[in-house]
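Below are the chains, spelled out letter by letter.
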Amino acid sequence: MVASQLWEVFVRPRRGLAHTHVGSLHAPDAEVALRNARDVYTRRQEGVSIWVVPAGAITASSPDEKDAFFDPAADKVYRHPTFYEVPEGAGHL
Amino acid sequence: MYGNDFGTDQSLLDQVADAERALNEAAARDGGAAEAGEEQDYFDAIVAAEQKIEPRDWMPDAYRKTLVRQIAQHAHSEIIGMQPEGNWISRAPSLKRKAILLAKVQDEAGHGLYLYAAAETLGVHRDDLVDMLIDGRQKYSSIFNYPTLSWADVGAIGWLVDGAAIVNQVPLCRCSYGPYARAMIRICKEESFHQRQGYEILYTLAHGTPAQRRMAQDAVDRWWYPSLAMFGPPDTDSTHSEQSMAWKIKRFSNDDLRQRFVDMCVQQASVLTLDLPDPDLRFDEARGHYDYTQPDYDELMAVIKGNGPCNRERIANRRRAQDEGAWVREAAAAYAAKHSRVRQEPATEVDGAMAAV
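Protein chains in written order, with our numbering: chain H, 76 to 168; chain D, 275 to 631.
There are no misleading hints in this set.
BS3-like cross-link-like pairs, simulated, lysine-lysine; straight-line CA separation at most 25 Å:
1. H:151 - D:370
2. D:372 - H:151
3. D:413 - D:579
4. D:579 - D:339
5. D:463 - D:372
6. H:151 - D:463
7. H:151 - H:141
8. D:339 - D:413
9. D:463 - D:370
Derived by calculation from the structure, the hints in this document are not laboratory data.
Based on the provided sequences and hints, a complete structural model is requested.
Set out below in structure tokens:
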């Protein structure tokens with residue numbers, strides 16, 4: 076039996092847009108994964124370019140650590156332009 | 275409607291939003307641009323249709339080379355640009371200003387990374403680009419070779435230097451190379467706070483004590499002409515412009531962008547109640563623009579060649595950071611190698627132990 080590996084599929088919907096994750100599939104190697112991804116995820120011309128990435132090659136942040144992981148950005152309102160008062164009459168800022 | 279950033283009263287964020295909308299609209303037209311033909315024809319048709327060239331598309335060698343040079347130079351500018359402002363982090367006048375300045379310098383590092391990553395889609399390696407910066411084979415913006423002498427300089431950099439950079443960069447959100455255009459949209463959105471915080475610093479100083487006001491005016495006096503020079507040599511002397519315009523890497527000429535910047539700044543300076551150091555600055559009714567004194571382009575060339583006030587210091591700092599950081603990169607690589615060995619050769623003892631449990 077051929078070992079079947081899990082692949083994550085990213086599709087560039089149109090020229091000019093970045094690849095986005097659309098789903099995953101099983102395939103024994105990259106070549107087959109690419110062909111299967113075409114058949115599964117772009118049957119209706121949903122894309123012009125596909126990336127397949129072994130799911131094991133993706134390191135993901137842990138849902139359990141979500142708060143501690145992203146909290147440091149929560150109290151830095153000064154990273155947003157709306158934090159600053161633009162004086163009356165100053166244009167283009 | 276594209277490329278009409280000029281003559282509108284739009285805020286920066288509105289302009290970036292327009293560029294992003296245009297990118298999405300052009301993407302929606304995909305397929306109409308070109309049928310497969312000769313490589314050059316296909317490339318030309320895509321550029322003509324305002325669509326994006328993507329990394330695996332065929333592209334002329336000179337287009338690739340021009341992009342690598344421009345994106346790398348842009349990335350280097352972000353990284354070197356951390357130095358003049360970093361100079362004031364430890365001496366910011368309040369905790370609030372310090373936190374803001376830290377966030378801004380951190381953004382510059384991030385922008386450098388986005389841009390190095392965009393350059394790498396063209397088949398170059400970041401390590402090579404860093405080497406080329408350090409040994410002087412690639413340049414960065416001349417502006418970062420001027421010193422930051424007072425706290426007000428942090429304000430002037432935000433208002434004038436970031437302001438000039440934004441005028442340059444907003445049209446790059448419409449660049450024909452997809453990864454660069456997408457990186458620039460992200461960068462410009464983040465840039466907005468940079469300009470505003472600088473403007474706020476100057477506004478606060480200009481409405482403070484007489485000494486603070488003098489400090490603000492002095493900073494504007496010193497940064498005005500170097501900021502004008504950021505747009506590069508005048509159109510008559512600009513070597514790369516024409517081809518870059520044809521490829522839609524560049525959208526407006528150096529002088530057009532410079533004029534737009536001057537027109538914006540006159541109005542903004544009046545709200546600050548600070549003077550721009552140009553006695554010949556006056557509105558020309560017929561042109562609908564301000565006449566202004568050109569920056570000293572001989573000085574610009576001298577700074578680009580390495581003879582500005584801080585060139586040697588900037589590169590020496592960058593080289594030292596690279597050298598002194600070597601052990602960190604080596605340690606990280608050694609750690610990663612050790613752990614991948616552990617994963618590849620499952621230790622029998624551990625397995626045995628696990629099995630026993």
